[in-house]
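Asks: Work out the full structure, taking the sequences as your base and the hints as a guide.
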Amino acid sequence: MNAPLPPVLVVDDEKNMRLSLQTVLKDEGYAARAVESAEAALELLAREEFFMVITDARLGGMTGYEFLGKIRSRWPDLPAIMLTAYATPKLAVEAIKAGALDYLAKPFASASSSRPSRRPKRAS
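Counting the sequence shown from 1 gives a position; my numbering is that position plus 1437.
One should not assume that every hint holds.
Cβ pair distances, simulated, as ranges [to be verified]:
#1 1509 - 1543: 29 to 35 Å
#2 1474 - 1514: 35 to 41 Å
#3 1485 - 1465: 16 to 22 Å
#4 1484 - 1531: 26 to 32 Å
Straight-line distance between alpha carbons at most 30 Å, and here's what the computed DSSO-like set of lysine-lysine pairs gives [stated by the list, open to error]:
#5 1507 - 1527
#6 1527 - 1452
#7 1463 - 1452
#8 1534 - 1507
Hints in this document: simulated from the structure, not taken from any laboratory.
These figures come from a predicted structure and were not determined experimentally.
We treat Cβ as the ideally placed atom computed from N, Cα and C, and that holds for glycine.
Replies: Here is the structure:
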């Protein structure tokens, strides 16, 4: 029997979006933790293991892009997906350059973000 996956960490300063993502993930069988800031997320990441991070691009305090940079420097193999309500091709490129595995526009279909089957490997 396989051990359960570590939880997905959801980072979004919008309470409704944070709770909705957490609910969708739990409904799909994933454990999920949710916090409202990148700073709180970094504290959790230092203490606990996570399967992946889903973060908003625009957060109060540190931006999602800055947050991704910190994730890449400390946990280079941790997959991260960036969400934004302000999707543009330029911002998508910036997110991928900052270390996002994928970039999704809000609102999104839940099936497109809730089915990671295993930890993705990042290209070196």
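Asks: Each hint needs a verdict: does it hold in this structure or not?
Replies: Here's how the hints hold up against the structure:
1. 1509 - 1543: 29 to 35 Å: Check failed, 23 Å falls outside 29 to 35 Å.
2. 1474 - 1514: 35 to 41 Å: Since residue 1474 and residue 1514 have Cβ atoms about 23 Å apart, the given range 35 to 41 Å is violated.
3. 1485 - 1465: 16 to 22 Å: 20 Å, holds
4. 1484 - 1531: 26 to 32 Å: Taking Cβ atoms as reference, residue 1484 and residue 1531 lie about 29 Å apart, which means the hint holds.
5. 1507 - 1527: Roughly 21 Å between the alpha carbons, so the hint for residue 1507 and residue 1527 holds.
6. 1527 - 1452: This hinted pair holds, its Cα atoms lying about 27 Å apart.
7. 1463 - 1452: Measuring from Cα to Cα gives roughly 16 Å; hence the hint holds.
8. 1534 - 1507: 13 Å, holds
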